[in-house]
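> Sequence:
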Amino acid sequence: MGSTITEKILARAAGTDTVQAGDNLPARPDYMIAYDFPGYTDVMFRQMHDDFGIRTLSDPERYVVFIDHMLTKGDEKEQEVHQVTRDWCDFYGIELHEARGIGHQVMAELGYALPGNLLVHFDGHISGAGAFGALGWGVRRDLLEAWVSGQIFLDVPATSRFELDGEFAPGVDSRDLVHRIIADHGADGCAHQVMEYAGPGARAMSIDRRQGLCGMAMFTGAVSAVFEPDEKALAYANRVARKEFTPLLPDADAEYAAVHHYDLSTVTPQVVLPGSARSAHTRSAAELTGTPVTKAFIGSCASGRIEDIRAAALVLDGRTVAPGVELNVVPTSDAVHRQAEDEGLLDVLRRAGAQIARSSCDFCFGYQKPLQPDENCISTGVLNISGRMGSTAANIYMGSAFTVAASAVAGTITAAEEVSRS
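For the sequence shown, my numbering assigns the number 4 to the initial residue and increments by one for each residue that follows.
There's no promise every hint is true.
Unchecked claim - DSSO-like cross-link-like pairs, simulated, lysine-lysine; straight-line CA separation at most 30 Å:
1) K372 <-> K80
2) K246 <-> K235
3) K76 <-> K372
No lab work stands behind these hints, which were simulated from the structure alone.
Put together the whole structure using the sequences plus the hints.
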């Protein structure tokens, strides 16, 4: 019996020839990543030092920390949080990346998410690394185990394979696909598994779209997602790699928990109702046409990359955001911001009435411009539970950048194709 991509990555990380789903083993991650956040990194640093007596790290290059939250108020509390992180990273010799954008994007730009790599983080959206054939695993507070020992015991997950054909229609992208998958299979349809994407449709998909798709894997119950590394992934990896890497592909006789087939050309614009990304909350955008919105947000670790900004500019070019609607656009990294500026995309958005914000996680978790009671927001954020972006009495709908931009123009939830016809 052959092996999946995930089984091969975990076997390499465990220093063994093969593993099978259900095995429990100690794996040595290539990188152990975190972003600073009160109650997480500050506590783990203190535990390393005080509880475990760790004063030096034998391989500090495997530890990576980002400052990408709480960047927009500039107050004393923010500075205290970040100074704690700076001090600890300096003490241990850990590489710290501050205010360069959202870590889940910046780690790809800096060559951490390489084909065949294992990355662990306390945040599950590290699964976006799967776009490059890496395995990004959100281990929550078990990250401390990896930080202290340099390895972490993991249960080898089963894999569900998604064979993709075709290409997305205009106005549709991978956010629509992931919400369609959740609607079809449920919020636990891939529970404790890895989603493996392959097929002609997967190969046709851009790196940006792959990152967005993999980054939302947790909402199917999956621990992660991964694409077969192809020419696109290898070209990106070779350009940014900070060390040698070995791409890993599944064997032809690998065993899967399930195999699903999707024709991307049949996927239509999807919108998630307020409350969560549960299957019962997903609707076609057409079903929600006319639902009023007051705020619109394009950004987050799932949907603020250059292709998302191009999508928004395509919809907004020559149009204006509706009266009474505020559209905020947050590029996923400083590099994406610069590219969007160089391509003239941000000028298109500004002329349409959009506001462009500094790259951070702050909009997505309600820290910057929090929603007020009774506001309706259409968002490309990663979560829409009550209170996620501000008031618990606000409503958050989720969709693609195409749908968010079109809704901002219409003033109501609208698919991009409807705006194009007007």
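> Are the hints correct? Go through all of them and say.
Hint-by-hint comparison with the structure:
The straight-line distance between the Cα atoms of K372 and K80 is roughly 17 Å, inside the 30 Å bound, and the hint therefore holds. Distance restraint check for K246 and K235: the Cα-Cα separation of roughly 18 Å lies within the 30 Å cut-off, and the hinted pair is therefore satisfied. At most 30 Å may separate the alpha-carbon atoms for a hinted pair to count; K76 and K372 meet this at roughly 10 Å.
Hint compliance for this structure: every hint is met.
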